[in-house]
Amino acid sequence: MTNGNLAAADRVYMQPTWTRLVREQAHKVLDKLSGHKDAVVFSKEATEVAWRNLPFYSHYKLYRLVNYATMPTFSMMYLSNDEEFITVDGTAGPIYTVNEKDPIRLNEMNVVPYLDFFFSNVQGSEGDVFLIKDPRKMPMLDSLSEGQQQSVISSFKPLSVSMDTVQHNFKVSGTLYYGGGLLSSTIIVAHDGKLSFQDQSLLLTGIHFPYSPYEQMWLEG
Amino acid sequence: MSDDTPNLHDILKPGQPLPSDDLMIATAIDILNHSPHGQQLTDFVSVNQISIRVMSTPQPTTYLPESKLVYVGFNRNNPVSPSRFVLMLAGILREAQQESAGIKHPNLHAPMQEHMKVSMAKHEDKVWYMCTVACELNDQDIFTEYKFLDELRKMGHDESLALYLKQERES
Numbered sequence: 010m011t012n013g014n015l016a017a018a019d020r021v022y023m024q025p026t027w028t029r030l031v032r033e034q035a036h037k038v039l040d041k042l043s044g045h046k047d048a049v050v051f052s053k054e055a056t057e058v059a060w061r062n063l064p065f066y067s068h069y070k071l072y073r074l075v076n077y078a079t080m081p082t083f084s085m086m087y088l089s090n091d092e093e094f095i096t097v098d099g100t101a102g103p104i105y106t107v108n109e110k111d112p113i114r115l116n117e118m119n120v121v122p123y124l125d126f127f128f129s130n131v132q133g134s135e136g137d138v139f140l141i142k143d144p145r146k147m148p149m150l151d152s153l154s155e156g157q158q159q160s161v162i163s164s165f166k167p168l169s170v171s172m173d174t175v176q177h178n179f180k181v182s183g184t185l186y187y188g189g190g191l192l193s194s195t196i197i198v199a200h201d202g203k204l205s206f207q208d209q210s211l212l213l214t215g216i217h218f219p220y221s222p223y224e225q226m227w228l229e230g
Numbered sequence: 497m498s499d500d501t502p503n504l505h506d507i508l509k510p511g512q513p514l515p516s517d518d519l520m521i522a523t524a525i526d527i528l529n530h531s532p533h534g535q536q537l538t539d540f541v542s543v544n545q546i547s548i549r550v551m552s553t554p555q556p557t558t559y560l561p562e563s564k565l566v567y568v569g570f571n572r573n574n575p576v577s578p579s580r581f582v583l584m585l586a587g588i589l590r591e592a593q594q595e596s597a598g599i600k601h602p603n604l605h606a607p608m609q610e611h612m613k614v615s616m617a618k619h620e621d622k623v624w625y626m627c628t629v630a631c632e633l634n635d636q637d638i639f640t641e642y643k644f645l646d647e648l649r650k651m652g653h654d655e656s657l658a659l660y661l662k663q664e665r666e667s
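Chains as they are written, first to last, in our numbering: chain B, 10 to 230; chain L, 497 to 667.
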């Protein structure tokens, strides 16, 4: 896959496509959610509901609820087909569940957006995972020292995507930020969206960002 | 791969084994009871029948959707430490106390200046309260291992804590 294709794949997911629901539609969503026994409470007066399509699902969309009456604002994400709302809770479970319910359709163009979506919503015991496509555009790179910034750029291994037609999976090789370090790894994405990792190796340690790389970029747009 | 290398397979685990939500809340309340300011919060919970719930969220967070309902949220793959849970609970209960005392966030349509003024004052009060509870607990031998002050710093309140400690020394 060329760099041009990767940039196009990036736009598949990263373009600002949140659609805000009008009050009546938002209230219908909140009514559906409040029917769940463990539902987190959102007030109808102060909550904005928005949604965006995900290029790898046919029926499920990503919903974002933001309560503006708190400081800072409080938000939750849900995957929904407008009937069932599945909380995006920071683990892989909800995403794998939807991958089965609305069988995920992966191709060379949307596998990287799928990984971006996955990593922006699933944490490990060491915190956030961030797939680096261009180290110069990495969030909060400027919070590192000049020397660390150069190390990040020189350690970076470019992203490559290939399809294994025999195993029916994708192999995405590249550089990830995780646990205060940069790692190179091959991510195997199975046809059902399940991930596994091969050939992990540590490229750089001691990289700590003041905030989650997803804290701002995910809510914007 | 060495033992020190962060292992990406972590993120595929179906959440860490954790105590029940009720046990986490009861333990946090018990710990807060060891601090005079924490005890004020636990009294407030019992007198006002405040409901405390744990939720699963991608990032650690607290939430006060109603004056008598508070949430503490964290990622089940990357759970917060017990000391952070206690401090998060203290912070959100202090916010509930503010609401109960009539110190509320301005209406959504209120001028920006009013939002800034009230929200900053509420935030300062909340952080000051968390610093007080953390210091009171930190002074007790039974909580040495909890490292409450370190946890408060990790939560991003290092400057507030330094200011609080300076004020305490000077008073």
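Because the hints were derived from the structure by calculation, they are not lab data. A virtual CB, placed ideally from N, CA and C, is assigned to each residue, including glycine. Heads up, a few of these hints could be off.
[What the hints assert, rightly or not] Reference listing, derived: stretches of chain B covered by chain L, where coverage requires no fewer than 3 residues with Cβ under 8 Å from a Cβ of chain L:
#1 29-42
#2 140-148
[Claimed, not checked] If you anchor each label on the Cβ, the simulated ranges turn out as follows:
#3 Glu641/L / Ser67/B: 49 to 59 Å
#4 Asp654/L / Ser67/B: 22 to 32 Å
#5 Lys180/B / Ile599/L: 53 to 63 Å
#6 Ser154/B / Asp654/L: 12 to 22 Å
[What the hints assert, rightly or not] BS3-like, lysine-lysine: derived pairs with alpha carbons at most 30 Å apart:
#7 Lys53/B / Lys650/L
#8 Lys643/L / Lys622/L
#9 Lys564/L / Lys142/B
#10 Lys37/B / Lys662/L
#11 Lys180/B / Lys203/B
#12 Lys564/L / Lys509/L
#13 Lys46/B / Lys650/L
#14 Lys622/L / Lys110/B
#15 Lys600/L / Lys70/B
#16 Lys650/L / Lys618/L
#17 Lys203/B / Lys53/B
#18 Lys600/L / Lys613/L
#19 Lys618/L / Lys643/L
#20 Lys53/B / Lys509/L
#21 Lys662/L / Lys53/B
Hints, one by one, checked against the model:
no.: 1; hint: 29-42; in the structure: violated (count 0)
no.: 2; hint: 140-148; in the structure: violated (count 0)
no.: 3; hint: Glu641/L / Ser67/B: 49 to 59 Å; in the structure: holds, 51 Å
no.: 4; hint: Asp654/L / Ser67/B: 22 to 32 Å; in the structure: violated, 48 Å
no.: 5; hint: Lys180/B / Ile599/L: 53 to 63 Å; in the structure: holds, 56 Å
no.: 6; hint: Ser154/B / Asp654/L: 12 to 22 Å; in the structure: holds, 19 Å
no.: 7; hint: Lys53/B / Lys650/L; in the structure: violated, 34 Å
no.: 8; hint: Lys643/L / Lys622/L; in the structure: holds, 20 Å
no.: 9; hint: Lys564/L / Lys142/B; in the structure: violated, 45 Å
no.: 10; hint: Lys37/B / Lys662/L; in the structure: violated, 51 Å
no.: 11; hint: Lys180/B / Lys203/B; in the structure: holds, 12 Å
no.: 12; hint: Lys564/L / Lys509/L; in the structure: violated, 34 Å
no.: 13; hint: Lys46/B / Lys650/L; in the structure: violated, 34 Å
no.: 14; hint: Lys622/L / Lys110/B; in the structure: violated, 43 Å
no.: 15; hint: Lys600/L / Lys70/B; in the structure: violated, 34 Å
no.: 16; hint: Lys650/L / Lys618/L; in the structure: holds, 21 Å
no.: 17; hint: Lys203/B / Lys53/B; in the structure: violated, 36 Å
no.: 18; hint: Lys600/L / Lys613/L; in the structure: holds, 12 Å
no.: 19; hint: Lys618/L / Lys643/L; in the structure: holds, 26 Å
no.: 20; hint: Lys53/B / Lys509/L; in the structure: violated, 35 Å
no.: 21; hint: Lys662/L / Lys53/B; in the structure: violated, 43 Å
When the structure is compared with the earlier hints, violations turn up for hints 1, 2, 4, 7, 9, 10, 12, 13, 14, 15, 17, 20 and 21 and for no others.
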